[in-house]
Structure formats: structure tokens, C-alpha cells
Amino acid sequence: MSLVAYRDLIGVAYTEDEVKALAAEVEVEDGPNDEGEMFLRPGKPSDKLPNPYANEQAARFANGGAYPPDLSLISKARHDGQNYVYALLTGYREPPAGISVREGLHYNPYFPGGAIAMPKMLNDGGIEYEDGTPATESQQAKDVVTFLAWAAEPEMDERKLMGVKWMFIISLVWLTAIYYKRWRWSPIKSRRVIVDVVN
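Just so we're aligned: 43 in the numbering used here is position 55 of the sequence shown, and the numbers increase by one with no gaps anywhere.
Each hint can be trusted.
Restricting the straight-line Cα-Cα distance to at most 20 Å, the calculated cross-link-like pairs of lysine to any residue (SDA-like) are:
1. Lys130 x Asn71
2. Lys130 x Asn111
3. Lys36 x Pro56
4. Lys108 x Pro57
5. Lys108 x Glu82
6. Lys130 x Tyr74
Derived from the structure by calculation, the hints contain no laboratory data.
Let the sequences and hints guide you as you build the complete structure.
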């Protein structure tokens, strides 16, 4: 999630004060200071969400040698991205007869090649929703997909609202232009031309 900052959450899921408190819980390496040394400071809303791993080697070690991708744009990077992510999260099963999956990999028919290093992450009852929604695997996958779609385009709702406003303005201009054209040309189009032919 290297492209999502804490401030992107303001007005979507949290208030500004909640985002400031959430960001302040994280220590961010910054610097260099006047002495040329890096230092830790409390997070600010402008900081990006922290990576779960310190570096690429730590990420590979924790994931059996596979480097986990940045999921900021995954729903836009894949064809039919939201459905792909949902199918991938809910598609884990035992491999069918005749298909062998090497050790450390898991069978998922929705992943290219059918073998993925990421284990099944979602299980029924894996979390508890505050509003009492049943925490099924399907519901959790929908929530993850919705968040990833938002993370790929946090400005999408504003962009669509702006598009609606522009369409309204363009339609007003169009109607005004049609009215002006009819008004301007009405004397010419309503004239009757009489041709008196003399024999």
C-alpha cells in the first residue's frame, strides 16, 4: 500500500482527528537532521501507510521466498480486477486428481499456473464486525476487495461527482445554444418566398 497516505482516509473512514491519532501511533524514520543522522518521529497524516516488512529480504523470508506485491493498484492492474481479487481470496481448494502442487505452494485455480505461495488468509469468523455482520469468508473478501478498489482510486467518487456536474453544465449550454439558434434563424426560416413568374 505504498501509494496510500493516512490523509486519504479523512472523510472516508475517519475524521481528521482520528487520522492524526492513527498516524501518530506509528514511528516514521525521517531525516537527516542537522547532524546528518536519521531519526524516528511520530507519524503525520501526510505519511504513507507503513510497509509490513523492513525490506525485500525480510518480506521474502516471511513468505517462503516469494516477494509479496504492492497491492495499491492491484484492482486496476488485472483484467476485471475486483472480481479477480475476490475469486483469488475465496478460491483456495484441494488440488484435483492428477495435479500436484510442490511444497510451500497452495492450489488456487484463479491464480495463473494454479499454484500460489500465499496461504489462505480468510476464514469464517476471522474478525468481529462492530455492527454484528456475520464474518463469513465471502463478506471479508468483499470488504478487502472494496478497500483495494478504493485504494487504487481514492479520488474516484469526487471525479464522478465532478463529471455529473460538468454534464449538467454542458447540457445547459447545449440547450441555450439550441434556443439561440432557433431564435436567431426563426425569421429566416419562417419567411415565405413567393416567386411571381411572369410569362
